[in-house]
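Keeping their order, the protein sequence lines are chains L and B.
Taking the numbering used here, the leading residue of the first sequence gets 29, the next gets one more, and so forth.
Taking the numbering used here, the leading residue of the second sequence gets 12, the next gets one more, and so forth.
Just so you know, the hints here were simulated from the structure itself, not pulled from any lab data.
Since the structure is predicted, the reported quantities are computational estimates derived from the model, not experimental observations.
Check the hints yourself; a few may be wrong.
Label pairs and their in silico Cβ distance ranges [to be verified]:
#1 B:Arg123 x L:Ala117: 53 to 59 Å
#2 L:Glu307 x B:Ala158: 48 to 54 Å
#3 L:Ala305 x B:Gly99: 20 to 26 Å
From chain L, some residues computed to sit far from chain B (all C-beta separations above 10 Å) [to be verified]:
#4 Ile250
#5 Tyr302
#6 Ala346
Looking from chain L toward chain B, a few residues come up when the C-beta cut is under 7 Å (computed) [said to hold, decoys possible]:
#7 Arg91
#8 Gly96
#9 Gly147
#10 Ser151
#11 Ile165
#12 Ile167
#13 Gly202
#14 Ser205
#15 Ser230
#16 Pro292
#17 Pro359
#18 Val376
#19 Gln379
C-beta atoms are modelled at their ideal positions from N, C-alpha and C, and glycine is treated no differently.
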Amino acid sequence: MHTVHTGETPDILLQLLSPEGMRLADADLDPWVAEVTGADLAALYQDMVVVRRIDAEATALQRQGELGLWPPLLGQEAAQIGSGRALRADDFVFSSYRENAVAWCRGIAPTDILRVWRGTAQSGWDPLVYRMATPSIIIGAQTLHATGWAMGAVFDGADSVAVAYFGDGATSEGDVSEALVFAASFQAPVVFFCQNNHWAISEPVGLQTRFGIAGRAPGFGIPSLRIDGNDVLAVMAATRLALNRARTGGGPTFIEAVTYRMGPHTTADDPTRYRPAAELEEWAKKDPILRLRRLLDSLGLFTPELESETQALADATAAELRAGCIGLPDPEPLTVLANVYATPHAGVDRQRAEYAAYLASFEPTGGKV
Amino acid sequence: MSIETIRSAPATRANGSTPVPATPVPVTPVSPIEAALTDTKTLTLAKAINAGLRQSMLDDPKVVLLGEDIGALGGVFRVTIDLLAEFGPNRVVDTPLAESAIIGTAVGLAYRGYRPVCEIQFDGFIFPGFDQIVSQVARFHYRTQGALRMPITIRVPFGGGIGAAEHHSESPEAYFTHTSGLRVIAVSNPQDAYSLIRQAIASDDPVLFFEPKRRYHVAGPVTPQLGEPFESARVVAAGTDVTLIAYGALVTTATDAALAAADEGISVEVIDLRSLSPIDYAAVEASVRKTGRLVVTHEAARSGGLGGEIIAEVTERCFDYLEAAPVRVTGFDIPYPAAKLESHHLPDLDRMLDGVDRVLGRRR
Ligand SMILES: Cc1ncc(C[n+]2csc(CCOP(=O)(O)OP(=O)(O)O)c2C)c(N)n1
Ligand SMILES: [Mg+2]
Chain L
29 MHTVHTGETP DILLQLLSPE GMRLADADLD PWVAEVTGAD LAALYQDMVV
79 VRRIDAEATA LQRQGELGLW PPLLGQEAAQ IGSGRALRAD DFVFSSYREN
129 AVAWCRGIAP TDILRVWRGT AQSGWDPLVY RMATPSIIIG AQTLHATGWA
179 MGAVFDGADS VAVAYFGDGA TSEGDVSEAL VFAASFQAPV VFFCQNNHWA
229 ISEPVGLQTR FGIAGRAPGF GIPSLRIDGN DVLAVMAATR LALNRARTGG
279 GPTFIEAVTY RMGPHTTADD PTRYRPAAEL EEWAKKDPIL RLRRLLDSLG
329 LFTPELESET QALADATAAE LRAGCIGLPD PEPLTVLANV YATPHAGVDR
379 QRAEYAAYLA SFEPTGGKV
Chain B
12 MSIETIRSAP ATRANGSTPV PATPVPVTPV SPIEAALTDT KTLTLAKAIN
62 AGLRQSMLDD PKVVLLGEDI GALGGVFRVT IDLLAEFGPN RVVDTPLAES
112 AIIGTAVGLA YRGYRPVCEI QFDGFIFPGF DQIVSQVARF HYRTQGALRM
162 PITIRVPFGG GIGAAEHHSE SPEAYFTHTS GLRVIAVSNP QDAYSLIRQA
212 IASDDPVLFF EPKRRYHVAG PVTPQLGEPF ESARVVAAGT DVTLIAYGAL
262 VTTATDAALA AADEGISVEV IDLRSLSPID YAAVEASVRK TGRLVVTHEA
312 ARSGGLGGEI IAEVTERCFD YLEAAPVRVT GFDIPYPAAK LESHHLPDLD
362 RMLDGVDRVL GRRR
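Chain L extracted, bound-state conformation (with noise of 0.2 Å):
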């Protein structure tokens, strides 16, 4: 594989699909999207437009005080739907907070996704039903679990993979070279899918690593490719390459998706104090969603139905969302103490007893001094 670079060429960007939507040639990638029909195109169309929709209605809940928080993932989402595409079923996810259209592709329910960030709670879903774990707000922590979910794989002999999904700051973390240690050493197949959106919060790339982040991971004896993160069928191809790796024994791989943070890091962030606009405008040129409607035009796949179809899907998907997120209930009181442990714990029990008695004294018949 002459794609799978050794570290001295960190600046190769693999590329299936230019910003004009042309179809360009890759010997490498090319057999990996080989099958990829008509109507796959459509469907990957749909689905970036669907989780861009989804995206922009959570934004709004924020704004009307609906929402405490959210990440956008605007301008990631060739990134995220290709790789998350790419995965079979029994593979597992461990991603950080932006991945929500990688939740979109595992199955899991908008309404559901919002749950940690309207506060209802910690984990929106049950990670061993969706085999995707609960995103990780620590940066980093879960490239380890990742790893160790593969070494298991390797010690069950099964061939399903565990992908690691992080950011370009969050390559600066000692877990990450720690995982990249592991996984290489014990040959787990683990994909590290690093999402370079070009930013940590107001941090640019640039601060985090003086080599190209693809490159580094050679040094620890895992092949890397740095892809166009915009481009979704490099990254399905570049996914679906590092997945078959992984399933027969060839180990990790390190895929650097090259992206960008089309909005700031959080609803509570201002990226107007830190990043030059030309930047935003020289990216939007390259807008992952753009260069595939390009594509399928200049296929004549880009039909007035397929958009009307588009545009009623993201229209009910939003409107479920807000309907989800709104009518999703308070957690009960005292839920605060329950499933702090697997067994009873005599100290939470008691804490428990004591709570429901405290607020039992504010009901009518009881005695609030």
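Dock chain B with the ligands against the given chain L, drawing on the hints supplied.
Frame of chain L; chain B with the ligands shown alone:
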């Protein structure tokens, strides 16, 4: 402007207790033009820390700030706002995203005589740096028999009440008060924020400096003074029936509770600890000898928390003065809960009043 040193702190305080003697902190006077704060000004707690940082940086060229997003952004709470522009990137260092490295490199800087001030973005993110703090920073002076000092200040926005996602509302102070070699401060108001950050930076010991993030935007008068030694507690409201000890964000809640109790004819003395290690037991003891009843409140979990420690010490010191078993009003023994449940977890005015009732034998 006349810069006080902490030497000039009064020998006795309003409550008659004697402040714990502190090592005098030499502070180089600066010209009035350079001073961060020349007069009493109304500042938010965040701005007060900003002014304190700025004054410390003006006073001592060895003071450098390290942290994530503290430069152009001015920190996620804007506590370091404008400091990069004034002092440049060698003194306000936006670091790569790695807390262990922030603390570990501060150690190296301290070897060269720097006074690093590390910002940990949120309480929950101190743990990747925990090993460097407890295994290294805390031990150097002891390990080297006093040869090496670690004048490192670690600033940590702490506590809940802001409806945040997980890891953004923690109260990890007891891990650090349990670690010998660290001084631990928790401020509650803009004046102390200004005075104590300066003392913390000037201290030759490592200091964990906890900032009550839900009070960052609360404003109050700030005078350009170092005030009392940072080890001294402060009587916020004098009282005779019950002593209520708080620190950080809960000082305001405790003060409100004292006002509410006064309506019922109960006189509550509120003490703001300010220093969690060491604790000003002289002040605590003086109050408990007067009231005979003690309530301690904190957001942190009850078990292994400071409340138990304070009550044990008070019991040893003045058991005979206690009229009732002391009471703790704390967070539960749970991981910090989802935002919609935090009002149940956090001690509020009602729970503090309930604690006061209990220590008075008016309930259960
Ligand atoms: C251990 C830890 N330190 C600090 C933070 C605060 N924080 C949240 S997101 C973030 C930046 C992450 O940047 P990156 O890894 O590039 O991911 P992105 O947000 O761009 O998706 C920081 C510093 C955190 N969540 N965890
Ligand atoms: Mg990033």
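Results of checking the hints against the structure:
no., hint, in the structure
1, B:Arg123 x L:Ala117: 53 to 59 Å, "55 Å, holds"
2, L:Glu307 x B:Ala158: 48 to 54 Å, "49 Å, holds"
3, L:Ala305 x B:Gly99: 20 to 26 Å, "25 Å, holds"
4, Ile250, "20 Å, holds"
5, Tyr302, "4 Å, violated"
6, Ala346, "23 Å, holds"
7, Arg91, "15 Å, violated"
8, Gly96, "5 Å, holds"
9, Gly147, "3 Å, holds"
10, Ser151, "9 Å, violated"
11, Ile165, "5 Å, holds"
12, Ile167, "6 Å, holds"
13, Gly202, "5 Å, holds"
14, Ser205, "10 Å, violated"
15, Ser230, "4 Å, holds"
16, Pro292, "11 Å, violated"
17, Pro359, "6 Å, holds"
18, Val376, "6 Å, holds"
19, Gln379, "5 Å, holds"
Consistency with the previously given hints fails for numbers 5, 7, 10, 14 and 16, ordered from lowest to highest.
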